[in-house]
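Protein sequence lines correspond, in order, to chains P and E.
Taking my numbering, I'd label the letters of the first sequence as residues 1 to 786.
Taking my numbering, I'd label the letters of the second sequence as residues 1 to 153.
Treat the hints as calculated values from the structure; they're not laboratory data.
Keep in mind that the hints are not guaranteed to be accurate.
[What the hints assert, rightly or not] Some residues of chain P that are not near chain E, with every Cβ distance over 10 angstroms (derived):
| no. | residue |
| --- | --- |
| 1 | Ala204 |
| 2 | Gly265 |
| 3 | Glu769 |
[Claimed, not checked] FRET-style restraints, in silico, Cβ to Cβ:
| no. | chain 1 | residue 1 | chain 2 | residue 2 | range |
| --- | --- | --- | --- | --- | --- |
| 4 | E | Glu121 | P | Arg420 | 36 to 44 angstroms |
| 5 | E | Gly152 | P | Gly608 | 37 to 45 angstroms |
| 6 | P | Ile700 | E | Gln19 | 21 to 29 angstroms |
| 7 | P | Gln47 | E | Asp129 | 25 to 33 angstroms |
| 8 | E | Gly150 | P | Gln458 | 29 to 37 angstroms |
| 9 | E | His126 | P | Gln47 | 27 to 35 angstroms |
Where a beta carbon is used, it is the ideal one built from N, C-alpha and C, also for glycine.
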Amino acid sequence: MSVESPQAATPLAPAAPAVPEAPVRPEEVGARRVRKDAREKLSGQAQYVGDMEMPGMLIGKVLRSDVPHARIVAVDASEAEAMRGVVAVLTGEDLGDLDHPYFGHAIKDRPVIAIGRVRFHGEPVAAVAAVDEATADAAIRTIVVEYEELPVLDSLDRALAGDAPLLHDGPVVPGLFHGLGTLPERDGNVGYRYTLSAGDVSAASDAADIVVEGEYTFPAVYQYAMETHATIADFKPGAITLWANCQHPFLTQAEIADLFGVPTGEVRVVVPYLGGGFGSKSYTKMEPLTVALSRKAGRPVKIANRVDESMVTSRRHGMKCWMRTTAMADGTLLTREARFWMDTGAYADNGPRVTATAADAAPGPYRWEAVHVDASCVYCTTAPSGSYRAFGATHLQWIGESQIDEVARRAGIDRVELRRRALVVPGEPVRPDGTGKPLDADLVGDVEQVAQAIGWGQPRGEWRGRGVSVGLLAAGAHPVSRASVRMTADGSVEVNVGTTEVGQGARTVMAQIAAQELGCSSDRVTVHGADTRFTPYDRSTGASRSTTLAGKAVQNAAGNVAARLRESAAEAFGVDPSDVSLVDGHAVAGTERLDFPDVIAQRFGFRGGEIIEGGEVRPTGGKTGSYAEGPVFWEVCVAGVELELDPETGMIELLRTATVADVGKAINPQLVERQDEGATLQGLGNALFEEMVFVDGLLINDSLLEYRVPRIADLPGEMTSIVVENADGPGPYGAKGCGEGALAALPAAIVNALADAGVPMNELPLTPERVWLRLQELNANEEEAV
Amino acid sequence: MEIELTVNGRQVAAEVEPQVLLLDFLRDELDLTGAKRSCDVQVCGTCTVLVDDAPVSACTYLAHEAHGRSVLTIEGFARHADFGRYAEAFERHAALQCGYCTPGFLLTIKSLADAGELRSEDEIRHGLDGNICRCTGYRAILDAAREIAGVGR
């Protein structure tokens, strides 16, 4: 599927089709502008949902299941209901009037609140709305739930066992936004299956001299946005309003409307600043429960999760994987096979998409004779898994790349050299079956740059290792974005675009794009937060799509405003609009010059009026709605690592890291670098120590005391973020998205560097204990061999 | 309990329950929402405020413990003459993204810089180890802190 836009994706393309050769000056796009939101955030004035209060607002608290899997025999909330200050108590019994009180953008399998059964430790069973937090807290403690416990399926093996009870039965009810074509029926606890196949694997591997095969384990991890999930809902007949820290306001709006049986226009979602997301706030999470509680209470209600609650609201899939790679003696790659199982937890959430994206990442961007990938998304009695930055790619890249390294080792070829020979090149198909978008990036150039940055080929000491990794992430999701740009009579500019400011700097980048098109300073531009009542539609903030797609819509809208300015100025100057340039906030033609307020005054005949225009990006072709026809672009996942292992303790120290942001065009290079540095630290955490631990179905490390995330002391010795600008993206000025690739690439480079230091690993995270034990095992094998 | 304290230079007198946390007192009673709630266990530093110039985690500090003391939140610091220098360093290095952890970092840096405890990069890394940022990857924050403290590479 390609993206339709009136403009070609060339650098500094003209603003709108009707206006040829509009001169634009490059000082906004490409400039390291200070973030538009910096002062507001630095001074503590920036508002997040948790900071907001509505008149008459109650505080909601949720009673969560303390068992992983059970039938709910009875819920006694009588004491809570009788408490002074308690306005409403909600249980599954309050949802009887809804057609289908289950939600999920992929599969509608998650109840708004538990209905007769709980499927994970931490599932909401009852909720209380009270005048203050202390009262709500006290009230939920009085609620008595009688459970009849059911078998715990807290691991993939248990959930896949032949005698495992089914976590879901009845027909699969597709969600509104799965993007997966036709959803298959469930097979036992396998909720979704995805297969990728090209060529004949068994025939093609006949000639193999090198066979690398292994089993691998990837941990469940938590995105750990510093701000937990928070929602304020105000349910009134004919008007449901939410203030929510959601990444995808329009999808949430549509799901709430669908769930409560009201027209979409009756639901309004307002999104202030988000305190980080990383995928944890994509799609719909706590919003349905908050709306249901407000509906019962008849007043606005705020529910703000605590960390332990957010950890069971969304997380990254744990996974087990088998993979085999075959090659000729000279390192020529032949086949790749992979089978893997994703633990999606009790409900599908984004599991099917994560599974399909992981399958896309499994072959890696190499030329193969044949490929076969079998991917399964499995229901377990664990907290639901959804999106987390670079999902799928992060799961598979470290496995595939460790096998590529092993092929190089056995063939006696330098590991970068093997990649130089085998990586696909721009224009070649990425998917082994030849479908979808061909490669739109220079991967060989990218990997050479990171190799150089970490000292590839230089002598290295004992217990030191270097590794590189290369991968691709299918990015962009569904390419639908709209935006509007408005210039008021005083020449100031407002951009309305649905991208949520989650920390990535979207408001700054959108302002720079609009300013570039309008020939003015971005200081003049204000970018508003999303409010579905006023903001034009945008599919979502995720899949690294905002700059590319929403940015393109902003560029188009601003280009249309620029065209109106040129028309009016041309009229005043008595010239053709194509002779008018917009420079420094002025319309200029020869010696004629008018500032924007004068141009607008000229248009309307007085000091009022405004120019407001829209911009649109939508797909061409693509009849099934499946992303398999895409992606919009391939996000590059390339990193290099040099590390040192302490063999006495198993501790790993990262000496040097290098990542590539292959962005086509960096609208704001400083923000691009920050994205990759942030992703580097998250990748470091995922590779070295982050892991959610379930024991008997209970999440036992549900606080920051026991779940460790990277601190400043973990900063690598040297951290290089390389920005590559080849203008090969479909976005404005040839831009394409970034910010996720480094997270997929870094763990893979770490695993490869550790193998280079002498310790190959097949299980993440690489905790000192695991690494040390593996080292003892390797030493023992060596002694045995001697 | 009756408490009297100074918050951002202003005298405040209030009646609080003994178990009320300073974080909730500031946010709910005084509408000072710059200090953020996150981990609730004194690890992440998003709720950092200064009590008698020393950084504390307001999520695990009782409001009544601040009786007779002076509390500085980001809202107060933002009015100090010195704040501009801090803000400019953070802006120059793009040392913030979502902004949720930012007030905590600024107040921690201010406290340590004022006490003369940011004399080297090692001291900065040590001093900021109780503040977690999930967005930036820390390097920009380190660079901004170095600039504020006048510490070279």
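Status of the hints after comparison with the structure:
no. : hint                                    : verdict
1   : Ala204                                  : 42 angstroms, holds
2   : Gly265                                  : 30 angstroms, holds
3   : Glu769                                  : 22 angstroms, holds
4   : Glu121/E x Arg420/P: 36 to 44 angstroms : 37 angstroms, holds
5   : Gly152/E x Gly608/P: 37 to 45 angstroms : 55 angstroms, violated
6   : Ile700/P x Gln19/E: 21 to 29 angstroms  : 27 angstroms, holds
7   : Gln47/P x Asp129/E: 25 to 33 angstroms  : 29 angstroms, holds
8   : Gly150/E x Gln458/P: 29 to 37 angstroms : 34 angstroms, holds
9   : His126/E x Gln47/P: 27 to 35 angstroms  : 33 angstroms, holds
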